[in-house]
Amino acid sequence: MGLDKNQIAKRIAKEVKNGMYVNLGIGIPTLVANYIPEGVEVVLQSENGLLGMGPFPTEDKVDADLINAGKQTITTLPGSSIFSSAESFGMIRGEHVDLTILGAMEVSEQGDIANWKIPGKMVKGMGGAMDLVASAKNIIVAMQHTARDGSSKLLKECTLPITGLKCIKKIVTDLAVLEVTEDGFKLLERAPGVTVEDIQKATEGRLIVEGDIPEVQI
Amino acid sequence: MGLDKNQIAKRIAKEVKNGMYVNLGIGIPTLVANYIPEGVEVVLQSENGLLGMGPFPTEDKVDADLINAGKQTITTLPGSSIFSSAESFGMIRGEHVDLTILGAMEVSEQGDIANWKIPGKMVKGMGGAMDLVASAKNIIVAMQHTARDGSSKLLKECTLPITGLKCIKKIVTDLAVLEVTEDGFKLLERAPGVTVEDIQKATEGRLIVEGDIPEVQI
Amino acid sequence: MINKTVKNAQEALQGVQDSMTLMLGGFGLCGIPENSIQELLRLGVKDLTCISNNAGVDDFGIGLLLQKRQVRKMISSYVGENAEFERQLLSGELEVELIPQGTLAERIRAGGAGIPAFFTPAGYGTEVGEGKESREFNGKRYLMEEWLKADFSFVKAWKGDTAGNLIFKGTARNFNPMMAAAGKITVAEVEELVPAGELDPNMIHTPGIYVQRIFQGEKYEKRIEQRTVRTA
Amino acid sequence: MINKTVKNAQEALQGVQDSMTLMLGGFGLCGIPENSIQELLRLGVKDLTCISNNAGVDDFGIGLLLQKRQVRKMISSYVGENAEFERQLLSGELEVELIPQGTLAERIRAGGAGIPAFFTPAGYGTEVGEGKESREFNGKRYLMEEWLKADFSFVKAWKGDTAGNLIFKGTARNFNPMMAAAGKITVAEVEELVPAGELDPNMIHTPGIYVQRIFQGEKYEKRIEQRTVRTA
Chain A
6 MGLDKNQIAK RIAKEVKNGM YVNLGIGIPT LVANYIPEGV EVVLQSENGL
56 LGMGPFPTED KVDADLINAG KQTITTLPGS SIFSSAESFG MIRGEHVDLT
106 ILGAMEVSEQ GDIANWKIPG KMVKGMGGAM DLVASAKNII VAMQHTARDG
156 SSKLLKECTL PITGLKCIKK IVTDLAVLEV TEDGFKLLER APGVTVEDIQ
206 KATEGRLIVE GDIPEVQI
Chain B
6 MGLDKNQIAK RIAKEVKNGM YVNLGIGIPT LVANYIPEGV EVVLQSENGL
56 LGMGPFPTED KVDADLINAG KQTITTLPGS SIFSSAESFG MIRGEHVDLT
106 ILGAMEVSEQ GDIANWKIPG KMVKGMGGAM DLVASAKNII VAMQHTARDG
156 SSKLLKECTL PITGLKCIKK IVTDLAVLEV TEDGFKLLER APGVTVEDIQ
206 KATEGRLIVE GDIPEVQI
Chain C
2 MINKTVKNAQ EALQGVQDSM TLMLGGFGLC GIPENSIQEL LRLGVKDLTC
52 ISNNAGVDDF GIGLLLQKRQ VRKMISSYVG ENAEFERQLL SGELEVELIP
102 QGTLAERIRA GGAGIPAFFT PAGYGTEVGE GKESREFNGK RYLMEEWLKA
152 DFSFVKAWKG DTAGNLIFKG TARNFNPMMA AAGKITVAEV EELVPAGELD
202 PNMIHTPGIY VQRIFQGEKY EKRIEQRTVR TA
Chain D
2 MINKTVKNAQ EALQGVQDSM TLMLGGFGLC GIPENSIQEL LRLGVKDLTC
52 ISNNAGVDDF GIGLLLQKRQ VRKMISSYVG ENAEFERQLL SGELEVELIP
102 QGTLAERIRA GGAGIPAFFT PAGYGTEVGE GKESREFNGK RYLMEEWLKA
152 DFSFVKAWKG DTAGNLIFKG TARNFNPMMA AAGKITVAEV EELVPAGELD
202 PNMIHTPGIY VQRIFQGEKY EKRIEQRTVR TA
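Chains as they are written, first to last, in our numbering: chain A, 6 to 223; chain B, 6 to 223; chain C, 2 to 233; chain D, 2 to 233.
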């Protein structure tokens, strides 16, 4: 029941339109690259300074001087370009990147996101997350609907330290696809085998259900 | 009597020390490049985006894509580098250029400079002058001591619109070499055949004369 | 890779309208978008605000747009060498806003990089600072300056690829890279357009993300303002 | 052309002292100044403030300086992958200031470019914005952030020439160019040092004016953090 990580990625891939520049966060977002439909030309931005991120290299092409923001060895593509971190975040801050896909610990019904810090745990840092969420024109969050203890991660207000305010537009979880509206989380699609009631139970923030909710098609 | 343009340039060239990055303004400052002593290695910055400006090209090497800030065709040198206008003024604003030499219409005894606008006349613009005077660690002005009508250009206060405040360190005119100090224009050297009285008469701002004033050696 | 190629200047300038704010690359006549300027002339769009370091000469570059009275306002650092410009300015037909060159470059860079304002020492204590907020940092006074953006940016590069990546040549680079990033729609004309993959990713001056339309220009005159030579 | 060459890391690091603020280029372990870090270890200077996007791993990069307790404070955007770091932080031996990556890059760029402060949207409404001035431009809130500078900057390039010009390779560029400009003294180590004139002036990433000392490094390990491969 519910979508697995690859299915979440596959569903998000449908949001990626031809001609987009896209920044993919670490984790599920990275998997999205595997499911971009044939014929949809997109350019992946890696915030450490690369446009046009290609697949992982074959063993003989591994280059220590060519990594992505997750520090994985990668490749370039015909038409790639490389630049400094200042230029890279100029690109992000200047809203040249069309779509950002990232993970989250919590999202509020206003579209606030928390994904960088858990009080009491070692804080590793926000990396580029605050820049990305403060600037992106369009942000989609990939996450589990609930935490391991069953508590909702779609909240009225975030309880964890905030990464950015009112910035999330869409959320794809294991249970549902939701849009963040002025009035709360609007339910767009439900995962196969998941009922509206299941989603309602797993959602602490205000859930808006209008009419029939179709199943996710992937 | 007094120094001609080339002699002013030659005198200023003595201020150029080994290892300096230097920006030369249009007019007399440009001539300074011709008199930099053998063995003194300097790099000329042209604010339209070049470090390491070389001499004018021979006829067969003229390149429309290689000009200086005075729009003259020029050449590069071994070790030159080319960059954008933003980078170029980052270099200037960030105080990486050691010495700026420029012309002036007026300098005040506080070191204010006016060199970009004459009320009532067509205003062509400040170009890079305001950036240069606001940022340079060391600025030398090359100018005539008096205007054509005989009025002094070394004033108590500038009468023309200001280019920058309290920024000029040294002035080389046809009559004298002067340092701008807290107390006014300190006379350092006089041109051959010019007396301290001549200089006093030609200087409206406070002139400080201490001890014997040697002749300019060029 | 996304393909940004358009056929020619005509296709590249679709959507340019009266009263728009345009950025035009170049320093003097060096690195100016000659083909785009010709197309602006042909289109006859008017009441333009043009952001460009200079205003061309009487019969070339932006000077041509001035002659046809297409420009309402110039935003530049230096506008000499142009008699028609002077005439229109004095008669009040043309408005001009003069900005220190480094401030102009940085305001355009800020526009592309999403920085709405920054502080610079240039112009403090001068008429450029009048009406602007100033502030002291580490004992020195600075002016607050805001970003500049454009409806269309027209830039000219030496080489470009179909993905919109650009390489400039010599000091023809100047304002072009920042303007490419600051235009809502950026049109790049290049002397040589090559397929994506032919340019070294490591040696790109302007990444393709900033360029919406690219075409190979023609008949570059590349006029020289001050031909200065030495004898061999 | 001014010659910036020094013999080796030892000569390049002359003048580095306890309690200085240092910038170190690199993203993760990619593009880090390996030779300069080794020399910092040998010198044993301590109470350092290190500005670097990351803090290395336990046994490589800045992690080595942490192990020898040479660092008093890290200014970074992300400091994971380092157990010793975590131990020192929790025990209070080490101070850390976390800055959003884009803000970090831009503050360093501002330091080199003489811009004491600028506005960015990153971090507004978060604890990063606490105690900072915020302001609205065009209906959006921004934080004011100030420049960062260093007593010494250590950068690593692929190629360099004796005039100090640098070319980086791949994503090893990252923070290196901005740091080169923001150091009072900038030390560049390069894999290959060539005579001035061998690099194309048009293809320089960091102009020599920013580099005070340059040397050819040795024994680059270039460790990979996440070796990810596909089968052919």
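Possibly wrong hints are sitting among the right ones.
Unchecked claim - Distance windows between CB atoms, simulated:
1. D:K69 to C:R142: 37 to 45 Å
2. B:N11 to C:Q217: 21 to 29 Å
3. B:P83 to C:K220: 33 to 41 Å
4. D:E128 to C:N139: 22 to 30 Å
To be verified - With a cut-off of at most 20 Å between alpha-carbon atoms, the simulated EDC-like pairs for lysine to aspartate or glutamate come out as follows:
5. C:K141 to D:E147
6. B:K122 to C:E131
7. D:K170 to A:E187
8. B:K126 to C:E134
9. A:K126 to D:E82
10. A:K122 to D:E131
11. D:K150 to B:D103
12. C:K160 to D:D201
13. D:K223 to A:D103
14. B:K129 to C:E85
15. C:K185 to A:E187
16. C:K170 to B:D68
17. D:K133 to C:E134
18. C:K160 to B:D179
19. D:K141 to A:D70
20. A:K126 to D:E128
21. C:K170 to B:D103
22. A:K129 to D:E96
23. A:K129 to D:E87
24. D:K185 to B:E100
25. D:K185 to B:D103
26. A:K129 to D:E137
27. C:K170 to D:E82
28. A:K129 to D:D60
29. A:K171 to A:D68
30. B:K122 to C:E87
31. D:K220 to A:D70
32. A:K142 to D:D201
33. B:K129 to C:D19
34. D:K141 to A:D217
35. D:K160 to A:D70
36. C:K223 to B:E100
37. C:K223 to B:D103
38. A:K129 to D:D201
39. B:K122 to C:E192
40. B:K171 to C:E131
FYI, nobody ran anything at the bench for these hints, they're computed from the structure.
The beta-carbon is built from N, C-alpha and C at its ideal position, and this holds for glycine as well.
Against the structure, the hints:
1. D:K69 to C:R142: 37 to 45 Å: 43 Å, holds
2. B:N11 to C:Q217: 21 to 29 Å: 47 Å, violated
3. B:P83 to C:K220: 33 to 41 Å: The hinted range 33 to 41 Å holds for B:P83 and C:K220, with Cβ atoms some 34 Å apart.
4. D:E128 to C:N139: 22 to 30 Å: 26 Å, holds
5. C:K141 to D:E147: 14 Å, holds
6. B:K122 to C:E131: 16 Å, holds
7. D:K170 to A:E187: Given pair D:K170, A:E187 is violated - Cα atoms ~46 Å apart, limit 20 Å.
8. B:K126 to C:E134: With a Cα-Cα distance of about 28 Å, the restraint between B:K126 and C:E134 is violated, given a limit of 20 Å.
9. A:K126 to D:E82: With a Cα-Cα distance of about 14 Å, the restraint between A:K126 and D:E82 holds, given a limit of 20 Å.
10. A:K122 to D:E131: Status holds; Cα separation ~16 Å.
11. D:K150 to B:D103: 18 Å, holds
12. C:K160 to D:D201: With Cα atoms ~16 Å apart, C:K160 and D:D201 stay inside 20 Å; holds.
13. D:K223 to A:D103: 33 Å, violated
14. B:K129 to C:E85: Given that 20 Å is the threshold and the Cα spacing comes to 13 Å, the pair holds.
15. C:K185 to A:E187: It is violated: about 28 Å lies between the C-alpha atoms, which goes past 20 Å.
16. C:K170 to B:D68: OK: C:K170 and B:D68 at ~10 Å, within 20 Å.
17. D:K133 to C:E134: 18 Å, holds
18. C:K160 to B:D179: The given pair, whose Cα atoms are some 48 Å apart, is violated under the 20 Å limit.
19. D:K141 to A:D70: Since the Cα atoms of D:K141 and A:D70 sit roughly 37 Å apart, the hinted pair is violated (cutoff 20 Å).
20. A:K126 to D:E128: 16 Å, holds
21. C:K170 to B:D103: 27 Å, violated
22. A:K129 to D:E96: This hinted pair holds, its Cα atoms lying about 13 Å apart.
23. A:K129 to D:E87: 9 Å, holds
24. D:K185 to B:E100: 10 Å, holds
25. D:K185 to B:D103: At roughly 13 Å apart (the allowed maximum being 20 Å), B:D103 and D:K185 satisfy the hint.
26. A:K129 to D:E137: 30 Å, violated
27. C:K170 to D:E82: 42 Å, violated
28. A:K129 to D:D60: Roughly 18 Å separates the two Cα atoms, so the pair holds.
29. A:K171 to A:D68: 39 Å, violated
30. B:K122 to C:E87: 14 Å, holds
31. D:K220 to A:D70: 15 Å, holds
32. A:K142 to D:D201: 38 Å, violated
33. B:K129 to C:D19: The hint is violated at about 26 Å.
34. D:K141 to A:D217: Measuring from Cα to Cα gives roughly 36 Å; hence the hint is violated.
35. D:K160 to A:D70: 13 Å, holds
36. C:K223 to B:E100: 33 Å, violated
37. C:K223 to B:D103: Since the Cα atoms of C:K223 and B:D103 sit roughly 33 Å apart, the hinted pair is violated (cutoff 20 Å).
38. A:K129 to D:D201: 41 Å, violated
39. B:K122 to C:E192: 38 Å, violated
40. B:K171 to C:E131: The given pair, whose Cα atoms are some 18 Å apart, holds under the 20 Å limit.
Going down the numbered hints, you'll see the structure goes against 2, 7, 8, 13, 15, 18, 19, 21, 26, 27, 29, 32, 33, 34, 36, 37, 38 and 39, while the others check out.
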